[in-house]
Amino acid sequence: MKAFKPSAPFLLLLPAMIVLAAVVVVPLLLSLYSSFTPFRLTKPETFYVFVGIRNYVSILSNTDFWWAFGRTVLLLTIALNLEMLLGLGLAMLVEKATRGQRILRTLMMFPMMFSPILVGFQFKFMFNDNIGLVNNALQSLGITQDAIPWLIEGHLAFIAISIAEIWSSTAIFAILILAGLLAMPKEPIEAARVDGCTPWQTFRYVTWPFVMPFAYIAMTIRSLDVARAYDIVKIMTDGGPAGRTELLWTLVARTAYSDGRMGMANAMAYFSILLSIAFTVYFFNKLAAARTQIGAEW
Amino acid sequence: MDENSSARLKRRLLGIVYRIGLFLAMLTICLPGLWIVLSSLRPTVEIMAKPPVWIPQEISLDAYVAMFSGIGKGGIPVIEYFRNSLIISVTSTIIAVAIGMAGGYAFARYRFRGKSSVFLGLMLTRTVPGIALSLPLFFLYVRLGIIDTHFGLILAYVALNVPFTIWLIDGFFRQVPKDLAEAAQIDGCTRWQAFWQVEFPLAGPGIASAAIFAFLTCWNEFALASQLTRSVSAKTLPVGLLDYTAEFTIDWRGMCALAVVMIIPALTLTYIVQKHLVGGLTSGAVKG
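Taken in order, these protein sequences are the chains called A and B. Take 1 as the starting number for the first sequence in the UniProt record's numbering and just add one per residue. Take 1 as the starting number for the second sequence in the UniProt record's numbering and just add one per residue.
Quick caveat, the hints were computed from the structure, so don't treat them as lab data. Ideal placement from N, C-alpha and C gives every residue a C-beta, glycine not left out. A few of these clues could be false.
What the hints assert, rightly or not - Label-pair ranges, simulated between beta-carbon atoms:
1) Y56/A - Q197/B: 53 to 63 Å
2) G260/A - Q197/B: 49 to 59 Å
3) D129/A - L24/B: 17 to 27 Å
4) G145/B - G260/A: 14 to 24 Å
5) C197/A - L22/B: 37 to 47 Å
6) L13/B - Q101/A: 16 to 26 Å
7) T106/A - R111/B: 16 to 26 Å
8) D238/A - P51/B: 48 to 58 Å
9) F23/B - D64/A: 38 to 48 Å
10) A289/A - V232/B: 23 to 33 Å
Unchecked claim - Here are the simulated DSBU-like cross-link-like pairs (lysine-lysine), alpha carbons at most 30 Å apart as the crow flies:
11) K286/A - K178/B
12) K178/B - K96/A
13) K186/A - K96/A
14) K115/B - K286/A
15) K286/A - K186/A
16) K115/B - K50/B
17) K186/A - K115/B
18) K186/A - K43/A
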């Protein structure tokens, strides 16, 4: 009788599967279960009480939750689009440079080296209403006399957080799009110019289709950790003022660890997980499509 | 003649506009970081001054000295945090790279059923937001008694890094031509020998940069660490940074100095790997 002999790739992938099952999948199943209980950290016995979908119902009828959810989606939409545009612009600026391109490329990657928590701190410092660089500069230049309450007023705080988020992640787009631009053969551009294309047409119909897969790689990587914004918000405003910058993730953390309502927090966490998965799958499909579209050249 | 000179003028103007644009872009990128470094070297009085003091009057390393001279003086136990960060990051990086090499090799060299869905599945485990994952992990770790330990955090970070490490290493193995390993096998190597003597050295620099990337992820991680650690025995630097903001008066200078301490390893390592990193990401993903 022939013994069961697993295939090589299965064996090679086994350690990865085991670790991910132990640290990600099993805990998530546990949290799925506890999202159906009224579990509180202070009352361990509540872990075994089953309440069905009551947590989900109370979340869905909670306006604070919907505000946080909407705010999160808004932040991601604004940030991802602007990062993409700015990254593209930055990559094209650097690609044009004739001298010192190496240095420029290194400088361009600078924000990537900052951890989100540092980005948050750095912008908290710069946007400080009293001693921050931004207000000091505005006052010294005579643009305004008053201290602008960047992190104290709701809308301004949201803008400040978006700026921090964009500053930290534009580099990923820029660096990958630049890789695309540099890998691109020069003949098609010259051919387009000879055939009388305007610069805009050359960009739109020759450069952009070529660079697009690279932009989607950047999008996919970015969407893998959109929740990094938690670190930034946590340190800059901690969801304040009065919950005006509360994102899904800070709301989850507050419900779980400050209020101790684990069951409720797990139910919310599932919404944030679904949101992340939706973003990733969307860009992963875009990436696959872009890859097949341009596949012939590779 | 007239057309010529106007074209030349236009070209020169565009050149100047381009230079200014480039300069402004680079300034925006670098200024926040430089400001932190500068602030860490200035006395607190100058940072707090109203109207602002733009040109530093005196530069000193006092903040760094205070930080490394123990709890009483600097406020927070930076040395312990630094040690925790280092132990946790290095250990979990080594494990994640070992697992990632096996997985990456499987994706690069074998065809098997459901390959792309397995890949997507791996990536999806990475999308789970740290804070969402921290809830069940917190509960489990308390039960298992590994909360606030190095081991607990290392375990979590290995899982966090494996998917991305596989993606990167997969890309680097793809860049090594298949024929080389086959030639080695024809010459009498086993597959195992061919891997270690031919493919591994060629993919080496790439794997090193995947390792550095994994290291940086651990070094910078905050959401999980902030919930799974409680005390000096396991807190990492990013969590330590928060010690400064918990109080009503923020020691900006001390915080800036700690930020610089955190950023220096990251800066050096990223500089070393930048070239390979981009190559690995794009080849793994584009060549399919």
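Violated hints - listed by number, lowest first: The structure breaks hints 5, 7, 8, 10, 12, 16, 17 and 18; every other hint is satisfied.
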